[in-house]
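**Student:** Residues per chain, in single letters:
Protein chains: 2
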Amino acid sequence: MSSPRGNALIGQSGGPTCVINQSLVGLVEACVASEAVGQVYGALHGIAGILDENLIDLGRESAATLEAVAATPCAALRSVRKKPTREECEQVLAVLRAHDVRYFFYIGGNDSAETAHILNEIAVAENYDVRLFHVPKTIDNDLPVTDHCPGFGSAAKFVAQAIMGDNQDNRSLPGIKIDVIMGRHAGWLTAASRLARQFEDDGPHLIYVPERDFSLDEFVGDVERMFSRHGRCLVAASEGIHGPDGAPVASTGEVDSHGNVQLSGTGALGDLLATTIKDRLGAGLRVRADTFGYLQRSFAGVVSEVDAAEARAVGRHAVALATGDDVPHGSVILVREGDGAEYFCRTDVTALENVAQQTRVLDEAHLAGSNDVSEVFLEYVTPLVGNMPRPGRLSDFPVAKRLV
Amino acid sequence: MSSPRGNALIGQSGGPTCVINQSLVGLVEACVASEAVGQVYGALHGIAGILDENLIDLGRESAATLEAVAATPCAALRSVRKKPTREECEQVLAVLRAHDVRYFFYIGGNDSAETAHILNEIAVAENYDVRLFHVPKTIDNDLPVTDHCPGFGSAAKFVAQAIMGDNQDNRSLPGIKIDVIMGRHAGWLTAASRLARQFEDDGPHLIYVPERDFSLDEFVGDVERMFSRHGRCLVAASEGIHGPDGAPVASTGEVDSHGNVQLSGTGALGDLLATTIKDRLGAGLRVRADTFGYLQRSFAGVVSEVDAAEARAVGRHAVALATGDDVPHGSVILVREGDGAEYFCRTDVTALENVAQQTRVLDEAHLAGSNDVSEVFLEYVTPLVGNMPRPGRLSDFPVAKRLV
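Protein chains in written order, with the numbering used here: chain A, 553 to 956; chain B, 553 to 956.
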């Protein structure tokens, strides 16, 4: 089962992350360095670009350009949300053959792993020798098998710093503040808001994730309780929270070609939650909602160094696997070794079908009650995010009153 | 007109900024170092804290705590949105007398300058010798006289980095994206999105500020034109955009005690603009809206170094003025000296009535057409924001097609 000689093709798919180009550059570097790989091509807009034969030559890019691209958020190859049909997958194989592509790397989430899996089945059936690897990325952190997903740490850092600042804002001008965070099925990113809690009375005071059924009545009760305790309340809620029937609390009804409901890019959920609080707890209350939106996956300049390094490493490892003798296809994973302060992850691989269309949500051990996360989760997420600002606070030494 | 001996009192008011505590710490440091000043007090929640005699002793804080506080976003003394009545201002004076406060520093926007101005009139009428200074802060940058306001540079940096990332996002997954940015009367912060434009085809492709009347019809036409040119369109719009009649395009109808309409903390404007585009240009278009919200004024970890240093400097300068012999009251300003790469601002002072209730909007020279800003604005804002990420881009060397 020695590796073939031929060209490599790289594509990026799905929602961007801030380190998705680290994986791209890791792949390009390792392909250029490999004797088995000839030309290194990129497909513009993922599968859509392959179908249109819209390829670029990544091997001609300078090292300086590649480093600048690696540090730039979102898909430098441009992305796509497209689930190819069986027929389109066969057409993709035809393009691979035409360009003598023997190595195909698809950077994306579980939808991309599925696409790679289908392509692999067709290649085997057609007896075309091509090495197919899925390189994981997603801010949602919802892929199975891997300890965590490249892209998550940086998005988690953005969310944690945003909530940290908003907690100070909420303390400055007390009221009820609701922040809506990305995550349609899994609450990993919303849970990361927990990192903002430094002093005992810091927000987020309530954390709602899709892993727990959401009830507006309980929500109002939770907010009322926190408000009477702290004189304010900061809420972190996943965009995908839903009732016991599974229906999202708010959605626009729009669906993409993978069947995913559109939840981002609208302030509907935040406004609904804020209005509910005003209606039920009193119109005089200061209630505001923000929906963090695309900033979570694209903000330029806030990156977890660990995340960036791991994203680069999974790209390099995919090439090492593909050009090796042991594994002709698969999805790269991160395996956590050591624990606590001794955090380290090594790269490994799992079968494509283990990742395709699978979703990993928060475990019971990560949650605490109906509206918080546990110390287990905090230990899990802390090393992925890296250095965080450390807010200071005045001691509030009282001055004796003289007029009362 | 030699300065009195007595205690100092500091308050923070209005919406937070990321460097408002730099000004606080600048004031505390300089007060502690001054021989004229006895105790250094802080009022919790601004004027509201003074009325309740809710004061703390800032002179007892350690240098380490003060430095940590200086680097923390939002009002460490906690803030307030309150316009005191004449009667309440007289009560404030009574509290100042009771605590022998001879130096009062109010960090805030034009509403705070107005409060300081009224307090000064009462103090003069009552023949109570107190030095009253307004220390400017606002992310909106809408105070007159000063070249710019402490707090603006850091918020502008956040907006520019957000739009820079969102431009990459929009390039990855093309569509129409609308970002709503703070600024009810003045478009300074929205205009700062211009800093994200690096390559010729980068967004923001359209910039709408309250200084120009907004028309939904023209907006739809502008978007259509940009979309056919670039295959995508990124829009930066101020929350305060309004039609020729002055009515906001979207508002919740809520009004604060200064008479300001609530525009933030809701996704209404973004959703309205996105829905309009979908309705008028086709439901099949990918249209999304994000409202940046409170992150712009509170996000932990994104600060302009220039802004932080200037915010500290205006605090120190207020104490130097107050304890000097020349100016018994006023508002601290920044005066730009040199130009271009040689940017430097010195601190100076103007009369309280020059700042109270005044609003400075973008000049005609800062604008370009109905939906962009000029090079003059770009030169103005660049040094205030400091270092920015520099996105990289692939060269897109084409690969010859083989199947067509």
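Hints are supplied without guarantee of correctness; some may be wrong.
In this list, chains with the same sequence are indistinguishable; a pair is considered to hold if it fits within one copy or across any two.
Distance condition first, Cα-Cα at most 25 Å in a straight line; then the derived BS3-like pairs of lysine-lysine [unchecked claim]:
| no. | residue 1 | residue 2 |
| --- | --- | --- |
| 1 | K953 | K830 |
| 2 | K953 | K634 |
| 3 | K953 | K635 |
| 4 | K830 | K635 |
| 5 | K634 | K830 |
Hints in this document: simulated from the structure, not taken from any laboratory.
Computed from a predicted model, the values in this text were never measured in an experiment.
**Student:** Are the hints correct? Go through all of them and say.
**Tutor:** Now the hints, each set against the structure:
For the identical chains of this complex, K953 and K830 are neighbours neither inside a copy (35 Å) nor across copies (60 Å), given an alpha-carbon limit of 25 Å. In this assembly of identical chains, K953 and K634 lie within 25 Å of each other by CA distance solely across copies; the values are 22 Å between and 67 Å within a copy. Taking the shortest alpha-carbon separations for K953 and K635, only the inter-copy value of 23 Å comes in at or below 25 Å, while the best intra-copy value is 69 Å. For a Cα distance limit of 25 Å, the shortest separation of K830 from K635 across copies, 24 Å, qualifies, whereas the shortest one inside one copy, 42 Å, does not.
Proximity of K634 to K830 under the C-alpha cut-off of 25 Å is restricted to the inter-copy arrangement: shortest distance 21 Å between copies versus 41 Å within a copy.
When each numbered hint is compared with the structure, a violation occurs for hint 1 only.
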